[in-house]
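Dock chains B and C against the given chain A, drawing on the hints supplied.
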Amino acid sequence: MSSSEHIVSPVVYVGVFLALMALTGLTVFASTVDLGMWNTPVALLIAVTKAVLVVLFFMHLKYSSRLASLAVGAALLWLLLLIAGVVADYLSRGWVGSPGT
Amino acid sequence: MSSVADAAAHGAERHHPDLVHHFESLPAQKEAATLGMWVFIAQEVMFFGGLFAAYTIYRHLYFHAFVQSSRHLNLPLGAINTAVLICSSLTMAMGVHASALGRRRATVAWLLLTVALGSVFLGIKAVEYKDKFEHHLVPGESFQAEELHLEGPAARPAQIFYSLYFAMTGLHAAHMVVGIPIILTIAWMAHRGRFSPEYHTPVEMTGLYWHFVDIIWIFLFPLLYLIGRHH
Amino acid sequence: MTTQIGPGTGEPPRPPLPPALSEPPPPRVNYLNVAYGVKSWLLTTDHKRIALLYLASVTLMFFLGGAFAVLIRLELVTPAGDLVQSETYNKLFTMHGIIMVFFFLIPSIPAVLGNFLIPIMIGARDLAFPRLNLLSWYIYVFGAAFTVYALVSGGVDTGWTFYAPYSTTYSNTHVIAAGLGIFINGFSSILTGLNFIVTIHRMRAPGLTWFRLPLFVWAHYATSLIFVLGTPVIAITLLTVVLERALHLGIYDPRLGGDPILFQHLFWFYSHPAVYIMILPAMGVVSELVSCFSRKRIFGYPVVAMSSLAIAVIGFLVWGHHMFVSGQSTYAGLIFSFLSFLVAIPSAIKVFNWTATLYKGSVSWDTPMLYAIGFVGLFTIGGLTGLFLASLGLDVHVTDTYFVVAHFHYIMVGGAIMGYLGGIHFWWPKITGRLYPEMWARVAAVIVFAGFNLTFFPQFILGYLGMPRRYHAYPEEFQVLNVMSSAGASILGLGYLLPMIYLVWSMRYGPKASANPWQAKGLEWQTASPPITENFERQPVVPEEAYQYAPESEARVV
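Residue numbers (the working numbering), protein chains in the order written: chain A, 1 to 101; chain B, 1 to 231; chain C, 1 to 558.
Because the hints were derived from the structure by calculation, they are not lab data. Be a bit skeptical, because a hint or two may be false.
Said to hold, decoys possible - Derived, one-sided and incomplete: chain C residues facing chain B with beta-carbon distance under 8 Å:
id, residue
1, 126
2, 129
3, 202
4, 204
5, 235
6, 236
7, 249
8, 251
9, 255
10, 258
11, 262
12, 266
13, 480
14, 483
15, 484
Unchecked claim - Pair by pair, the computed Cβ-Cβ distance ranges are:
id, chain 1, residue 1, chain 2, residue 2, range
16, A, 33, B, 20, 52 to 62 Å
17, B, 181, A, 25, 47 to 57 Å
18, C, 397, B, 77, 55 to 65 Å
19, A, 101, C, 170, 20 to 30 Å
20, C, 206, A, 15, 56 to 66 Å
Backbone N, C-alpha and C fix where the C-beta goes; we use that ideal spot for every residue, glycine too.
Extracted from the complex, chain A is given alone in its bound form:
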């Protein structure tokens, strides 16, 4: 085993697995409850939590170089930029100028 590698214990893997299953159950349950405008944010928050667990532990990002984390951060930022930029057009129609523009 090379010195630079961090071996993650299977206990961690099983723990993450159980958390992921629990969160899946939670998201299904939460979708059946009327939380008004909070249904979508809650669903997304749970999905993000699951993804973070997979990225940090299954994908070893927690034990990887800072550069790898930078790559992940950049990807997420750019994804947000794409979605937000497109959504911003639709949301801002009618703010300035003739109606509907």
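Only chains B and C this time, still in chain A's reference frame:
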């Protein structure tokens, strides 16, 4: 120029059969491969991102049609598939772990288990797709929205939902269809004793790819199957 | 072998030097003659050979795209649409655009010069992933094949912009094949960008810190960020067009409630940064040339390096300036307009810094420098006219006219292609081990410059007067300017043909080049011309800053 001591220390690794000529050492080679894989995943995020952007716009514009369309998706099958993929991520992580410890047979077993679970996922997806065909919910000439309790103009955006459903889950499934033969290849290589604690990078890289595919589904499931289920 | 502080105190050689009698002879075996035969080329993993594979393919595609330009300019000599039918004309400008943008401009400098030089410039033996590099080339060829198939089976008429719903529903041409061709080709870009990023981060020679890197490398790093973060978006966008046409998965169809403007958002999210993919590498070349042929370190090196990153990042924030009249919200238009003014700043910084480099430099006018200075002038004009287009009100007047066409050709042709040609000439001795004929090269550069301006300057006037783009017939009063433009195009074409001839000639008959015929700084000039396969006999170490042309005291002043 590296010191003589470094050169001697690297000497053993310099002659490692898996060290390629343009890298100084195995750890350097592995660092590069890992970074490369993360950069690849970054571009995959942007690749799927276009579809997520389209989804966001249309869900905002046609929420009611999206709610009605989503209810017709098979929630139990979707949930089971989510669980199946999470299990496959566990088995894949265990496979990488086994390869890092040099446990050849365990590596192969975990990888084959991952393939099996992935295949179950695809099988369930096929069942779902077939169901959509039978209920005339495939976009195009034969699309019928009656079952969704949508009428007239309100029914037309349902085709957009189902277009996105097929495009997003289809693209995701395509990534699994590519991934499974890759895992099988890696499993074969492991079986032949190709990997060691010093060199098991291909197993790790395959793991990164597979976990990423899992993450996509982690988002697809609530976004497609769980819209407005409380209504 | 360590880098040398060379003889440069400001006396440039002119023209480039063949090997002096006192120099050691070049190694008998280099990357070109180490192996012969088709297999040794088609299965190579040597970044230098892959660069030449790309050189051959992009040159082929350039002349194919150029052929369409010839037909376009021929048609536009007369006001009537009399050479071809309008449907055919639509195909001509579409194919010209697709081939030039995706199969020439985007790959040209990165895949040819970047592939060849980056490992050598950082003191490495190859890129991080040599086999991936070869795969990138094969993907390029595969994508090009799809596109050529679309061409020979009847062409595409949507414009290179593939706007929905025409591309998805109403066009009767080979949209799927062309879309797939570009989609496939995109992965060539993405993998090249990935390779460059990992290589530059992880394989620099000892002593080569980020701020000692050549600006050519900085430029390609910034370009690679765009490759990786932007290209996937056009990939998925074209895939959705293909899916909509083939499988009726309709997300842009207005009859279903789909929005064609969504297509434009997704398309331009990549295609605007794509123009920075096309210009940043050329800017990197220009930095190398201006420095060498002024015998001076680039003025404000750290700022120029950072400006490449700034262009790459801010370039992702301005795509809506292609959509001012599309139906996008006016508020979004305001924001995009403002941001588009912002993105001009780092580009302007480069122009100021190149100019400042010339001041008190010892300037010589070898061919590469002619192209470099031509770039600076023409890019400035192109860039300034970009500000016209970024102004909301003005854009309403000139959008979809020849003003836009002139603007982007000034940048793409006056800028990027001149940068490419300057780089090809500068590094030709390194790549081939031969010197090109300097007189012919200077003549060709002047012909290119003259032909270019005659072709495209009248188009600014035409556009401002109201001539729309993508029309093959036009009012009579526009004929004089159109004839000037077409005449210019024939001169420009001659200017491009000349290098083809003398560069190929030089590979056989040109005098042999020394390791450093330009007496330039940079690790690539510290190894043989042409290099050995492993690039260096021994691992180089970098003890000094980049561009140490002037004596230490002068270097510190800037």
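Structure-inconsistent hints, enumerated in ascending order: Numbers 4, 13, 14, 15, 17, 20 - these are the hints that the structure violates, sorted from lowest upward.
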